[in-house]
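S.K.: Protein sequence lines, in the order shown, are assigned to chains A and B. Residues 17 to 272, numbered by our numbering, are exactly what the first sequence covers, in order. Residues 6 to 247, numbered by our numbering, are exactly what the second sequence covers, in order.
Honestly, I wouldn't trust all of these hints.
Result set (EDC-like, lysine to aspartate or glutamate): computed pairs, CA atoms no more than 20 Å apart in a straight line [stated by the list, open to error]: (1) A:K123 to A:D44; (2) B:K71 to A:D44; (3) A:K257 to B:E148.
Simulated coverage check for chain A against chain B, where a stretch passes if three residues somewhere in it have a Cβ under 8 Å from a Cβ of chain B [claimed, not checked]: (4) 77 to 88; (5) 229 to 237; (6) 245 to 251.
These are computed hints drawn from the structure, not numbers from a lab. C-beta: ideal position from N, C-alpha, C; glycine also.
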Amino acid sequence: MTSRILTRRQMLLRGSAALGGLLLAGCDRLTNAPSFRRMLESAEALTYRSQRLLLGSGALAREFRESDLSPVFRSNGTSFPDTDLYLRLLDNRFADWRLAVGGLVAKPLSWSLAALRAMPSRTQITRHDCVEGWSAIGKWTGVPLSAVLRLSQVMPQARYVVFYCADSFGSDAGTYYESVDLLDAFHPQTLLAYELNGKPLPVQNGAPLRLRVERQLGYKHAKYIVGIDVVAGLGNIRGGKGGFWEDQGYEWYAGI
Amino acid sequence: MQPNVIYRHSVVTRVLHWLNAVCVLVVLMSGLQIFNAHPRLYWGEYGANTDTAFIQIGSQHAPGEKAFAPWATLPSWQDLADGRRWHFFFAWVLVFNSALYLLVSCANGHVRRDLLPGRAELSPRRLMRELWDHLRLKFSSGETARHYNTLQKLAYLAVIFLLAPMMLITGLTMSPGIDAAAPWLLDLLGGRQSARTLHFLTAMLIVLFIIVHLAMVLLAGPLNELRSMITGRFVVPPDSSK
Numbered sequence: 017m018t019s020r021i022l023t024r025r026q027m028l029l030r031g032s033a034a035l036g037g038l039l040l041a042g043c044d045r046l047t048n049a050p051s052f053r054r055m056l057e058s059a060e061a062l063t064y065r066s067q068r069l070l071l072g073s074g075a076l077a078r079e080f081r082e083s084d085l086s087p088v089f090r091s092n093g094t095s096f097p098d099t100d101l102y103l104r105l106l107d108n109r110f111a112d113w114r115l116a117v118g119g120l121v122a123k124p125l126s127w128s129l130a131a132l133r134a135m136p137s138r139t140q141i142t143r144h145d146c147v148e149g150w151s152a153i154g155k156w157t158g159v160p161l162s163a164v165l166r167l168s169q170v171m172p173q174a175r176y177v178v179f180y181c182a183d184s185f186g187s188d189a190g191t192y193y194e195s196v197d198l199l200d201a202f203h204p205q206t207l208l209a210y211e212l213n214g215k216p217l218p219v220q221n222g223a224p225l226r227l228r229v230e231r232q233l234g235y236k237h238a239k240y241i242v243g244i245d246v247v248a249g250l251g252n253i254r255g256g257k258g259g260f261w262e263d264q265g266y267e268w269y270a271g272i
Numbered sequence: 006m007q008p009n010v011i012y013r014h015s016v017v018t019r020v021l022h023w024l025n026a027v028c029v030l031v032v033l034m035s036g037l038q039i040f041n042a043h044p045r046l047y048w049g050e051y052g053a054n055t056d057t058a059f060i061q062i063g064s065q066h067a068p069g070e071k072a073f074a075p076w077a078t079l080p081s082w083q084d085l086a087d088g089r090r091w092h093f094f095f096a097w098v099l100v101f102n103s104a105l106y107l108l109v110s111c112a113n114g115h116v117r118r119d120l121l122p123g124r125a126e127l128s129p130r131r132l133m134r135e136l137w138d139h140l141r142l143k144f145s146s147g148e149t150a151r152h153y154n155t156l157q158k159l160a161y162l163a164v165i166f167l168l169a170p171m172m173l174i175t176g177l178t179m180s181p182g183i184d185a186a187a188p189w190l191l192d193l194l195g196g197r198q199s200a201r202t203l204h205f206l207t208a209m210l211i212v213l214f215i216i217v218h219l220a221m222v223l224l225a226g227p228l229n230e231l232r233s234m235i236t237g238r239f240v241v242p243p244d245s246s247k
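Isolated chain A (complex conformation) (with noise of 0.2 Å):
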């Protein structure tokens, strides 16, 4: 009698461990079958169009007070870009750094570190949310972006704005790039930031220069900009996908 009951729970348990293995095959190739890949992805668009909704254009994302600041503010992705570029600027403390504003714009510019610090500036003291899960809050000083695009003077035709950055995250990827729309390009607080804490921007944090666009998530903050980039579209942009990360399937639209 005994061997009979535990005959039947083991076969129990082996027919539901089985029975689950094989959902678990199933999902793993759902994963990795295009059409279901184009059904799941189809949320981002559903997400993006409903966030727009509730922020409008104006909503700000929230700021803090000095004794909120996270006593260690992380870095990830790349600490240290060892592209011969960046180790070059990063020699003479960035007096050869330039940020070079063009594409659809009817004034391409070229900025120094000392003439976008000669700009009006906005602090603000923010939480960096990263998609792995930990958030940490930080001061930051900068250039308001749309300042920036407002002195190039933004074509009609553009939609979207694009960063070049100095760093190679990963060996053969190429390097980091990001975009947003015009709508969180000429947000209040999106910056091209260049002090964290009061302090210029450490290596670690995105030296000389990085993005700040506090309603997404952190790696849409590319750091360490060389170039900026208006463009109509993204699809012939690297992976087409609008982003390092967003090549790797990532969200382009992070506000989740």
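Assemble the complex: chain A is given as a structure, and chain B must be docked to it using the hints.
M.R.: Chain B only, in chain A's frame:
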């Protein structure tokens, strides 16, 4: 004696139950995939590697060793991007499914008739007796078996009206976009890392519910219980007290 067969679950309840089961399984497993990307939980607004964790699962010092094993995550390999794709698509389905369930169940009387306990059912005496019956694995029969018992009703109500909304709110407030649109929602929870911790803990309560729910189905008569959730027909066990 002819078995006493009743029509227990409406077609809407049955379809939405199974859709819900699929969605919950997917968001749970893809949620564990997302958790694995940073298997530490904190209280308050911020929290990262150098800050004090409230819970840490798995070792930070053994790279490649993940908090949750491949069989528990979706996809089974480590991939935060794919985990998020699964999670958010099925979270949307779950939102529509739950909204439809609430609308229909309020309109057709399912909530009032089948789920809300009457005053008599909530008496301590009755609750203690039901608890004792559950612990002895003595299941209701005859007339009382036509309806959910009180503990069952309370468990379902807790999941539908406490745990599910909690999952939704703690999930939404992890979004920096939603936090800009509705900062007061995050204030209710005590900060973004608190929201993440509560999202995880509430999910574990839902796992606990699912374990008890499945155990009850197996113990109370898996074929009859499963059939009632597939065809709607439920055989009322003959009154054992007579």
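S.K.: Confirm or reject each hint.
M.R.: Consistency of the hints with the structure:
Of the pairs offered as hints, the one joining A:K123 and A:D44 is violated, with about 50 Å between alpha carbons and a cut-off of 20 Å exceeded. Of the pairs offered as hints, the one joining B:K71 and A:D44 holds, with about 18 Å between alpha carbons and a cut-off of 20 Å not exceeded. This hinted pair does not check out: A:K257 and B:E148 have alpha carbons roughly 61 Å apart, beyond 20 Å. Remark: the region 77 to 88 of chain A is confirmed as covered by chain B, as 7 of its residues place a Cβ nearer than 8 Å to a Cβ of that chain, reaching the required three.
Residue count for the region 229 to 237 of chain A with a Cβ under 8 Å from a Cβ of chain B: 4. That meets the three needed, and the coverage hint holds. Only residues whose C-beta sits within less than 8 Å of a C-beta in chain B count toward coverage, and the region 245 to 251 of chain A has 0 of them, not enough to reach three; the restraint is violated.
The earlier numbered hints that this structure contradicts are 1, 3 and 6.
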